[in-house]
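To convert a position in the sequence shown, counted from 1, into the numbering used here, add 8.
Since the hints were derived computationally from the structure, they do not count as laboratory data. One thing to keep in mind: the hints can contain errors.
Said to hold, decoys possible - Pairwise CB distance ranges (calculated): (1) 179 to 66: 18 to 24 Å; (2) 96 to 64: 20 to 26 Å; (3) 90 to 214: 28 to 34 Å; (4) 86 to 62: 23 to 29 Å; (5) 63 to 213: 44 to 50 Å; (6) 68 to 200: 27 to 33 Å; (7) 53 to 193: 31 to 37 Å; (8) 42 to 208: 27 to 33 Å; (9) 208 to 64: 35 to 41 Å.
Note that the coordinates shown come from a computational prediction; the quantities given were computed from them, not determined experimentally. Using N, Cα and C, we set each Cβ at its ideal position, and we do this for glycine too.
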Amino acid sequence: MAFLVFEGIDGSGKSTLLNLLCGKLKEQKLPFVQTKEPGGTKIGQKIRKLLLEKDNTHLSPLAETLLYYADRRQHIEEFIKPHLKKNITVVSDRYWASTSAYQCGGRDISESFVESLKNQICKDCEPDLWILLDLPTETTLKRLFVSKKDNRDRMEMETSSFHQKVRDYYLQLAKKDPNKWLVLSGEKSPPLLLKELMSHLNSKEILL
C-alpha cells in the first residue's frame with residue numbers, strides 16, 4: 009500500500025504514465041484507486057470547474073490558492089485517507105506540490121503563506137513518492153496546442169514564461185527532497201518511463 013503522486017507541467021506526459029502504472033497494478037492484482045486534483049470528490053468537481061473555466065480570468069491568485077486547498081482537504085478526508093486506511097494504494101494526478109509550483113512559482117504567491125496552508129491541510133497525509141515528469145516548456149506547449157488547440161483550460165492557456173517558472177519550481181522541490189522524488193524525462197517513450205518507474209518502486213519496496 010502506498011500514496012503515489014504524479015506531477016509535472018501541463019503536457020509533460022504525467023497522466024499517460026499514471027494510466028500505464030494503474031494498468032500495471034491491475035495486471036498484478038494489487039488493490040489501488042486512481043484519483044486527481046482538483047476534482048477527486050463531488051465537491052471537488054465543482055471547485056475544479058471554477059478553477060479551470062477559461063472565462064474566470066479575474067479569479068484572484070489568493071482566492072485560487074484557497075480553492076485548491078479547499079478541494080485538497082475534502083479530497084484527503086473523503087477519499088485519500090479512507091482508502092489508505094484500508095491498505096489500498098492511492099495514485100493521484102497532482103497534490104500539494106502542484107499548488108506550490110503553480111502558485112509560488114507561477115503566480116509569485118508568498119511561499120510562507122502556501123507552506124502554512126500545506127502544513128495545516130496536509131500534515132496528516134504525505135505521499136510515499138512523488139513522480140515528476142520533466143520536459144522543456146517549449147515541448148509541452150507544442151503538445152498542448154496539437155492535442156487541445158482551443159480546448160485548453162485556464163491554466164493551460166498561461167504564457168510560456170509562467171509554465172517555465174512552474175517547471176523550475178518543481179525541480180527545486182525535487183532537489184530539496186531527493187529521497188521522496190523521482191524525476192523522469194518526459195522526452196522518453198511511455199513504455200521506457202513505465203519500466204524506470206517500476207524499477208524504482210521495486211528497489212524502494214514501496215508497493216510491498
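Comparing the hints with the structure gives:
1. 179 to 66: 18 to 24 Å: Given a distance of about 31 Å, which is not inside 18 to 24 Å, the answer is violated.
2. 96 to 64: 20 to 26 Å: violated, 34 Å
3. 90 to 214: 28 to 34 Å: Between residue 90 and residue 214, where Cβ atoms are some 20 Å apart, the hint is violated.
4. 86 to 62: 23 to 29 Å: With Cβ atoms ~27 Å apart, the hint holds.
5. 63 to 213: 44 to 50 Å: holds, 47 Å
6. 68 to 200: 27 to 33 Å: violated, 42 Å
7. 53 to 193: 31 to 37 Å: holds, 32 Å
8. 42 to 208: 27 to 33 Å: violated, 19 Å
9. 208 to 64: 35 to 41 Å: Roughly 38 Å apart at Cβ, these two residues keep to the hinted range, so it holds.
The structure fails to meet hints 1, 2, 3, 6 and 8 from the earlier list, while all remaining hints are met.
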